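Each chain, written out:
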Amino acid sequence: MKMTPLAVIVGSLLILATIVFVVVILPFAHTSKTVPSDIFRVRTAEESAGRATYIANGCVYCHSQSVRTIDWDLGAERIAQAGDYVADYPILLGSQRTGPDISQAGGEHPDDWHMAHFINPRYTRTLSLMPPFEFLGPAKLDNLIRYVQSLGFKDADKRMTRQRYWKAEAVKAYEAGPDANVAWLSAHIPQGWRDVPNPYPTSAAGLARGHKIYQDFCLGCHGPVGDGMGPAQQWIYPPPLNFTILKNREISGGILYYQIMNGITGTAMPYFKRDLESEKIWDVGNYVAVYFINDSDANTEPRGIDAAYEP
Amino acid sequence: MTAETKEIPASYATAKAFCLTSAFWMMVATFYGLLGATELIAPDLTANIGGIVFGRVRPTHINLVLFGFVTPGLLGAAFFFIPRLLGTPLYSERLGVFTALAWNAALVALVATLAMGLTQGREYAELIWPIDVAVVLVFALTFFNFTMTVARRQEKILYVSVWYVLAGCILTACTYALGNVIWRPNSGALVGIPDAILLWFYGHNVFGLLLTPLSAGVTYYVIPRATRAPLYSHTLSLLGFWSLIVVYTHIGTHHLLQVPVPTWLKVVAIVDSVAMVIPVMAFLINIWYTAKGKLGEIHADVGAKFVFTGTIMYFFVSIQGSFMALPDVQRVTHFNNWVVAHAHIGVLGFAGMIALGGIYFTIPKMTGRPLFSRFLADFQYWMVLIGMVGFTIVLTIAGLIQGNAWLNGETVYRVLPQIHVYYVTRAGLGLLIFTSALLGFYNIVRSLLPQRGAMP
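Chains as they are written, first to last, in the working numbering: chain Z, 1 to 311; chain C, 312 to 767.
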């Protein structure tokens, strides 16, 4: 084959044009007719402004917005559908998960948790490597939070309605004083859980594990000494629980376990069941009971048959 | 066919300008990489300095590496060898120098706009419309300059390096304009899934139709010249060239295998990703057989050494890329640092190495003097090689930890402490690469300046 300038230039352009037709124009012909999915709704002005801030600060480089069938983390309740993206301009699928996928993050946390987290992500998540975004200022942060809370569209709206309802309840309980607050908190735990003591004995190793989990997951809000004065505290209302008030207020290992596992929707207390397996939750609960409440029911009756590993 | 060259009276001002451009922006680009790597291990170090928040640093690093360091480096060599291979001076050195200046202006604008948060938010297509236009323009001007040189050529036969450079410039001008949706100045995007398909069609073409053809062009020039050997096979040159353009352009959707895009498009992307073995091996066999038994000559020339190492990295990154397009592999590798490692083998180990090699190989021929310091160039070679291989090792390990942990049901947050040590190592290796860029810049500037005393 004789490679003349014409052959090189026209030949490669013709090939490119053909392939553009096959891999860009043909798929466009039907992907551009995608109908909105069942959860889709139009974004509000604030949410769109927040999305612009999200783009300007390159959030897309660390957060994907595309949940896969193989995922377990945030948003795993809903696998991405083409119809979720019909208003995304540009689309923000992302290519890295330096942080979690946030396509369904709306309503996972209340607004005040997000504010503390944006001011400094380590206030709520001590191991986070996300940059602080305080420099954006309150107006942009508010819009950014509106955007994040809209992720998941109608599903997010349902979760936000739930957050707002329980936020009002939690504030009422907090403002009624410690007795009423603790009673309110415990009242929403199924009776079975309330009756369960921590079934495992307190051990130095278990406390050390609990200490480690506490530092990695709890310290930002509840503080190093469990008095609820962690760095996130000033942004959060009702404020993080001061564990020392739980003394003599009938807190069982089961109550602590349930609250850590399930979180307290409406407050900044997230659920940890995706982050922590059973043993880690029992250990950190016992750490809190031993060090901050000074009242652990570990290994008391009813505790069932002792687990095989116990000395 | 041989890479015969003719001595021609020329100042090589354009080639020198592009070499300097590359050397300078390699420093800035690798600094941004080092900065980003540091922010991942110490996120409060640069707290609340909006202009260098990680999400603005990362696209700056990537765009500068692509359009500031690697592409100008490859073009620097091309502006030298195209006239030599055609036996005629460059059509217009003035136009070439103007192109280089415009290129630098666009790079300054790139850094400034991304720091200000002015971005279109699409990976590899972040730049706002005025810069997009400038990028298309500089590629078009480069193409025009080369084409006019071809039109005035004294040598009848077009050598394979010329094919690659011509095609690389014109195809990039086209896919860049298309991928950046240049007809929509305000957004530079389509809506929804079509945007993702177009973006990754373009995103992969940055490698397939820009870095790879230009690198192949430089390699086809440097290796036969350094070994003083005729090219092994004209047929393989033809096969490698045409199959590259046909196959590489099909595979962008392998970035979207886990996304709701049409299944047939995924199948096309996977099949062609595997078929990438054809252009890759056609090129590599051709180069490696040309160099067969002549590794001593390659080792003796530091530029050729960079280039030859680049071809080995091309082998690894391409074979890895074919495997990564398989859905079962991607279950583990997608969304994590495995891909970052892959990108560094490709852009630093392959195209970056060849860009540096092209610069070091051609500068002595432009100036008629040896390099200012062969030692420094060799030292930079080892720094880049160790840094890049180190990146690959630690980021691949981190990626495997992430991917397998996620498959096992662990959250992203839980895995952060496990990969921290690899992030720290990566930043250390980044310091190595950044330092090598400083040495390289010094060496290249001193090599181009009229010399007063040279180092060994």
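Hints should not be assumed to be uniformly reliable.
[Unchecked claim] Okay, the calculated beta carbon distance ranges per label pair: (1) Z:Gly137 x C:Pro496: 22 to 32 Å; (2) Z:Ser278 x C:Val502: 36 to 46 Å; (3) Z:Lys273 x C:Ile697: 37 to 47 Å.
In short, the hints are calculated from the structure, not lab data. In this text, all values refer to a predicted model and were calculated from it rather than measured experimentally. Don't be surprised by glycine CBs; every beta carbon is placed ideally from N, CA and C.
Evaluated hints:
Range check, Gly137 of chain Z to Pro496 of chain C: Cβ separation about 28 Å, and the 22 to 32 Å hint holds. About 45 Å separates the C-beta atoms of Ser278 of chain Z and Val502 of chain C, a value consistent with the hinted range of 36 to 46 Å. Look at Lys273 of chain Z against Ile697 of chain C: about 44 Å separates their beta carbons, and that is inside 37 to 47 Å.
Checked against the numbered hints above, the structure violates none of them.
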